[in-house]
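Asker: Here is what each chain is made of, one letter per residue.
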Amino acid sequence: MRAANLAIAPVAAEQPQAGFSAGAHTVPAWRRLLRRRGAVLGLAVVVGFVLLALFAPWLAPYDPLATSWSVIRKAPSAHYLFGTDELGRDVFSRVIWGARASLLAGLVSVCISSLLGVPIGLLAGYAGGWTDALISRFTDAMLALPFLILAIALAAFLGPSLSNAMVAIGLSATPIFIRLTRAQVLAVKVEDYVEAARAIGNPHWRIALRHILPNILPPLIVQSTLSIAAAVIAEASLSFLGLGQQPPAPSWGSMLNTAKNYIDNAPWMAIWPGLSIFLLVLSFNLLGDGLRDALDPRHK
Amino acid sequence: MLCSSRPVPAARRLLQGLTAGLALCLATLAGAQTLRIGLAEDPDALDPTMARSFVGRVVFASLCDKLFDIDEKLALVPQLATGYEWSADRRALTLKLRPGVLFHDGEKFDAAAVKFNIERHKNLMGSARRGELLPVTGVEVVDPLTVRLVLSAPFAPLLSVLSDRAGMMVSPKAAAGPQPFGARPVCAGPFKFTERVAQDRIVLERFANYWDKASIHFDKVIYLPIGDATVRLANLRAGQLDLIERVASSDVAALKSDSRIGVARITELGYQGLTINIGKSDLAQKNPLGRDPRVREALELSLDRAGIVQVAVDGEGEVGNQWVSPSNQFYVKSIPVPARNIARAKALLKEAGVPNPSFTMMTPTTSGDQKLAQVIQAMAKEAGFDIKIQATEFATTLNLAEKGQFEAYLLNWSGRTDPDGNLFNFHGCKQPLDYSGYCKAATDELLNQSRSAPDAAQRAKLFEQIAADVNRERPIIYLYHRHWLWAYNKKLTGLRTVPDGLIRVQGLKL
Amino acid sequence: MPAYFAKRLAAVIPTLILVTMMVFCLQQLLPGDPALVLAGEEQDPNVVAYLHRKMHLDEPLPVRYGYWIAGVLRGDLGESLRIQRPVRQLIAEKLPVTLELALLAMGIALIIGIPAGIVSAVYKGTAWDYLANVFALWGLSTPNFWLGILMILLFSVTLGWLPASGYISPWEDLRGNLAAMIMPAFVLGNAIAAILMRHTRSAMLQVLNADYVRTARAKGLSEPRVVLKHALRNALTPIITLGALEFGTLLSGAVLTEQVFSIPGFGKLIVDAVFNRDYLVVQGVVLFTATVYILLNLLADLAYFVVNPRMRG
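Protein chains in written order, with the working numbering: chain A, 1 to 300; chain B, 1001 to 1510; chain C, 2001 to 2313.
Derived from the structure by calculation, the hints contain no laboratory data. One or more hints might be untrue.
Said to hold, decoys possible - So the derived list for chain A, only partly shown, Cβ under 8 Å to chain C, looks like this:
1) Ala66
2) Ile135
3) Pro146
4) Leu148
5) Ser237
6) Pro267
7) Trp268
Said to hold, decoys possible - In silico lysine to aspartate or glutamate, DMTMM-like type, Cα no more than 25 Å apart, as pairs:
8) Lys1381(B) with Asp264(A)
9) Lys1491(B) with Asp264(A)
10) Lys74(A) with Asp1212(B)
Unchecked claim - Simulated coverage check for chain B against chain A, where a stretch passes if three residues somewhere in it have a Cβ under 8 Å from a Cβ of chain A:
11) 1073-1080
12) 1210-1219
13) 1227-1235
14) 1306-1317
15) 1371-1378
Here a beta-carbon is modelled for each residue, glycine too, at the ideal position from N, C-alpha and C.
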């Protein structure tokens, strides 16, 4: 997570072509995005996974929870495309349903961290002084705790479940959004149009929301996309440690957790869920990279 | 380190073979052998008085000798004590001690040392042995090799208690030395403590003055905690370990085809069971399972235990319905394992007025427990039960269990040699492990009688009465007894399979 | 410079205090009575009561924090209740292991990441660039515990080349040590290599367009010389600074890697201690890691400041 943040930092510094309204930005940005093959591919795969998750009940050949004692740990075949697991459940169906947990975890936790982080970051950057100092120290302290440990501790504290894992990941990723937003606000705050808005007596909240926020959105959007990728991995990690999605509900991470016990005699149990995590994360990363290039023409 | 026993690449080994050095090397190898044992967890403090984990007992087996040991058939065998005698009123136990035994620091083992150790177990702050030795009120030194334990009341399980950690003897001098003692234990076992790197290894080296040194064929034992069963096995296969405990049952089938690896097994002393809250908190009255014994009987009848054993532990277990396994001498034969009977289960539920009872089953997050929970869920569904699996991290399950904030709880117990250890604390009213809240004055009376009963036959009779009482209420539905599974390099001989799951190093040879 | 230094240092102290509070609260708020977990199977009430006293569990949170922080200030992080060893000693024992893992991973990351970054910048838009970018995406997108499992499957289970897990001290047997560390180091270094590659690429691209590089080219210097001597040297500073920061990431990234490969380092120490509720171990280790991380950040900032005085935090 920290890495993603740093990767974004230089972009942030090069972002002062503010003054354009957000609307004028969007159309060409979209076109620029669609011109990038990687981004389009990423978008396509993400959409594919979303469709998979939405239509799981119709796409999965079997009930993902249906156990069958007669087909325990069977290798992939025409009947069971990805094989079966230790309880005779169809791995293919579980992988399809597992997309729900991963996507949900990615989206919800990033929503949590951005909905918390952006306003706090705005406040810190805009208000400055004591507020800023306090928020910044707090952010520093949170960032100093290893991300996964923070998430593990929070997930253990809240009790293992998918929704709690999402909260834990969301909270753990919040400081990144605070820090990024704050840095952006500091860069934009001194711009002429903000000074102008202030000069004509706009209230603070209006300046922050109407004049600053739209102009710092692009890096936040990029960060969100990359954070989804990180959150998907984080959910898988927590589930892998037994602190995320709980059995029998399928999640790629918890499937891997079980699969590692059978790596010797049922490697297919480990391969497909892992590959799915990889593909989904890769797609979000591709999309994030594409967005960054599209939203920031100076970053080539 | 030239003659390390770790495998060397083939080419180099060949090269070495051409030199005369190899002969020398082999000679030293034969003389300086190391036994590497893969453990499933990292033990806690290595102080017999403070130790609380099962895996710690595995290490103690080669570090600290006990007054008695048990054999494959659970019979008591002498270790540091050579004999015992109960007084007529069974309120005193006289022990004859083995002469000429030394502790690792050269101190002499004698009656005074036994007195010191029993008193240490009883009085040290935080001792985990105090409860086991509660009835022991005094220790008298009769002569240097005779000691008498005085009891407040007859206590049949005492000998088996002395064949476990409470019977381990540490050097009194070392125990008074630098603290904490558990960081550098000094005992009287075949191997002495050399080094411990937490979560990595515990190294013991041969004790030259061990009283039974003829049965020891290694110079060093290294215990390596490797949490993941697959990885533990992979290390054994790669030759980095000689012996591993707690093999995953799913790996056993594949091991049959491996000519270099042997598998040993024996039914455990413990059990896997489903504890039901029938009176621990008011939650018990709020759901049909805790409220009505008929619903619990229906649940038991909905389960196909043989099927559960097949799926949950790949057949590596013995079905059971009591706190000891059917092969134990104290198993109550008049209450056999019931067969699955869905029709009867449905009828019972109808009688109870809840054709579709629903309850939550608190299950630790480990994958084995989850698997078991899912099998139970699927089987009980056929009788009309709607079970919700509540996966809870183990640490939290203990808290919720203690507060009675659960309806059903999947819990296993590692077992004790004497049935009392599987029974008293679970079904005695308000005992520490009475999570179900089972509390019957009549049962308590029987439990106390079973502790003071003079012989096995009388105890068995009392156990039968207790089993009848308990089986009526079903505070715990006992499911099965796992096999302890060990895998070892086939060159290793002399492995004894004792139901307590510990590894006796005496007689092991590579 | 001294003013800047003082300012940064002043910010570090409140951060550290906040860190101690967070670490403490997170730990103490965990559900599950630690005494019950540590008391073992028997749940002997005497033992539970003893552990309660020993951990001051019956006292209010601020008082417990006081006990702990007073010890920390004296350099005493307390004692593991599970294995009866001082936390400081455990840290000293585990640090070299994780440090070795991190150093090896960093080494692998540097060896892969920097050349890949240079190549992709110099041959921008070609197949090489494309390949390097694909590699970076792979590195960033692979969950490292999955990669670890796959590598164990291939190199230990199938081929039998490398040990599946465990750790051997390098002083005891260097080859055995490297054999055991190579897979985890690669798994851990893989992602960092990707990040380094990206940083190197963008730093090199910036530098390659700078005037002095153009001048060097104009002077007729050979291209490898221009790239390696002039461009790389200037691009290296930000790369190294960022590398220092990634070191902090490495320490936390080791958590899952150590779990998968059963390496007895920091990560395994923390995770096991969280599950065993060995509070003082978790608190001590997390505090130590966080402090190292904060100090590394500080050093990186200062280095940046020294190299590039225009930058102001």
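Asker: Within the stretch 1227-1235 of chain B, is the number of residues with a Cβ closer than 8 Å to a Cβ of chain A three or more?
Answerer: holds (count 5)
Asker: Sort out whether aspartate 264(A) lies within 25 Å of lysine 1491(B), counting only the CA atoms.
Answerer: 23 Å, holds
Asker: Are lysine 1381(B) and aspartate 264(A) close enough, with their CA atoms no more than 25 Å apart?
Answerer: Violated, at about 32 Å.
Asker: May I ask you to test the interface hint for isoleucine 135(A) with respect to chain C, counting a Cβ-Cβ separation under 8 Å as satisfied?
Answerer: 11 Å, violated
Asker: At least three residues with a C-beta closer than 8 Å to a C-beta of chain A: is that true for the stretch 1306-1317 of chain B?
Answerer: It holds, with 3 qualifying residues against the three required.
Asker: What's the verdict on lysine 74(A) and aspartate 1212(B), does the C-alpha distance respect the 25 Å limit or exceed it?
Answerer: 50 Å, violated
Asker: Would you settle whether the hint for serine 237(A) is holds or violated, based on the nearest Cβ-Cβ distance to chain C being less than 8 Å?
Answerer: 6 Å, holds
Asker: At a Cβ distance under 8 Å, does chain A reach at least three residues of the stretch 1073-1080 of chain B?
Answerer: This one is violated; 0 residues, fewer than the three required, reach chain A with a Cβ under 8 Å.
Asker: Should the interface hint for proline 267(A) be scored as holding, given a Cβ-Cβ cut-off of 8 Å against chain C?
Answerer: Given a least distance of 6 Å, the restraint on proline 267(A) holds.
Asker: Examine the stretch 1210-1219 of chain B for residues whose CB is less than 8 Å from any CB of chain A, and state whether their number is three or more.
Answerer: Answer violated; 0 residues pass the 8 Å Cβ test.
Asker: For the hint on proline 146(A), just tell me whether its beta-carbon gets within less than 8 Å of chain C.
Answerer: 3 Å, holds
Asker: Have a go at the tryptophan 268(A) hint: is there a Cβ in chain C nearer than 8 Å to its own Cβ?
Answerer: 11 Å, violated
In this structure, the earlier hints numbered 1, 2, 7, 8, 10, 11 and 12 are contradicted, and the remaining ones agree with it.
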